[in-house]
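> Modelling step: build the complete structure from the supplied sequences, incorporating the hints.
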Amino acid sequence: MTTVEDAYAHCARITREQARNFHYGIRLLPPAKRSALCAVYALARIIDDIGDDPALSAEAKLQGLAEVRKSLGDLSTNTDPVYVAVADAARRYPIPLGAFEELLDGVEMDVTGRKYVRFEELVEYCRCVAGSVGRLCLGVFGSRPDTAAPGYADELGIALQQTNILRDIREDLRNGRVYLPKEDLDRFGVDLAIGEDGNLADPGGGLTALIHDTAARAREWYTRGLRLVPSLDRRSAACCTAMSGIYRTLLDRIDEQPSRVFDRRLSLTGREKAVVAARALTGAGR
1 MTTVEDAYAH
11 CARITREQAR
21 NFHYGIRLLP
31 PAKRSALCAV
41 YALARIIDDI
51 GDDPALSAEA
61 KLQGLAEVRK
71 SLGDLSTNTD
81 PVYVAVADAA
91 RRYPIPLGAF
101 EELLDGVEMD
111 VTGRKYVRFE
121 ELVEYCRCVA
131 GSVGRLCLGV
141 FGSRPDTAAP
151 GYADELGIAL
161 QQTNILRDIR
171 EDLRNGRVYL
181 PKEDLDRFGV
191 DLAIGEDGNL
201 ADPGGGLTAL
211 IHDTAARARE
221 WYTRGLRLVP
231 SLDRRSAACC
241 TAMSGIYRTL
251 LDRIDEQPSR
261 VFDRRLSLTG
271 REKAVVAARA
281 LTGAGR
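Going by UniProt numbering, the first residue of the sequence shown is number 1, and it counts up by one from there.
Treat the hints loosely; a few may be bogus.
Here are the computed distance ranges between Cβ atoms for each label pair [claimed, not checked]: (1) 13 to 265: 21 to 27 Å; (2) 114 to 63: 25 to 31 Å; (3) 198 to 220: 17 to 23 Å; (4) 223 to 193: 30 to 36 Å; (5) 257 to 224: 22 to 28 Å; (6) 77 to 176: 33 to 39 Å; (7) 173 to 73: 35 to 41 Å; (8) 120 to 73: 29 to 35 Å; (9) 145 to 278: 29 to 35 Å.
By construction, these hints were calculated from the structure, which means they are not laboratory data. Built from N, CA and C at the ideal position, the CB exists for glycine as well.
This is how it looks when you write it as structure tokens:
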């Protein structure tokens, strides 16, 4: 039988090994909140991994997601350590478990190959796959009374996901996925393609211009979402600021030189992430 302590330790290992950016913020939380957020991350990781598994057919992925939905319906009967930890965390904190359902909805959009014509349609997707995670985190953080707080958490998650989309244009295209809305591609005359050299093609500079425009829009979402920070206690605010700071720094790098994402998946070094996290803990990164 899996004990609660073992379950949390299992989730902490998953987070430490797989959360390239998330873990830097989680480390700033006190132990109890850190464990709860690791549980949230571990379940989100299970959901994401089902959607991204190249060995699974679309039908198998949808079946796997359906099984997660079923498990969420009765956490008390599931002995998997991740679910044991999530169930305990939900007893300790007001975690909106329904947000996991939204995450499942978003991953299903990926599996079924949903296309995005308008930016508003992309926002719906981002709200499912990332805004949901923002609201799950807020359940662990807690906040001063503010009815707008969940909305801010949602907006911050959407900002982070827009950054992910810019970072992963090439990788997503290679996997048959396009998240940049068609109306934006058309507006800048972009026909997304990978050239013979394996890099994103940008013969007329339209993709570069589109990336600059998308980065500016993402910054507006960060501005709105970061209104959440004053409602949080010091350690939770530091965690939130560290995670958003890593992604905002990444967005700045992409905007400064869009060609950086033409041939790679851009990321910050461990040292750079640690510096952002340290600044967040002192309040300098807000």
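> If a hint holds in the structure, say so; if it does not, say that too.
For each hint, the structure was consulted:
1. About 24 Å separates the C-beta atoms of residue 13 and residue 265, a value consistent with the hinted range of 21 to 27 Å.
2. Checked against the hint of 25 to 31 Å, the pair residue 114 and residue 63 fails, with Cβ atoms roughly 18 Å apart.
3. At about 33 Å, the CB distance of residue 198 to residue 220 disagrees with the hint of 17 to 23 Å.
4. The beta-carbon spacing between residue 223 and residue 193, approximately 33 Å, falls within the hinted interval of 30 to 36 Å.
5. Taken as a hint, the range 22 to 28 Å holds for the pair residue 257 and residue 224, whose Cβ atoms sit roughly 26 Å apart.
6. About 37 Å separates the C-beta atoms of residue 77 and residue 176, a value consistent with the hinted range of 33 to 39 Å.
7. For the pair residue 173 and residue 73, the beta carbons lie near 36 Å from each other, so the given range of 35 to 41 Å is met.
8. At about 31 Å, the beta-carbon gap between residue 120 and residue 73 stays in the expected band of 29 to 35 Å.
9. For the pair residue 145 and residue 278, the supplied restraint of 29 to 35 Å holds, since their beta-carbon distance comes to about 30 Å.
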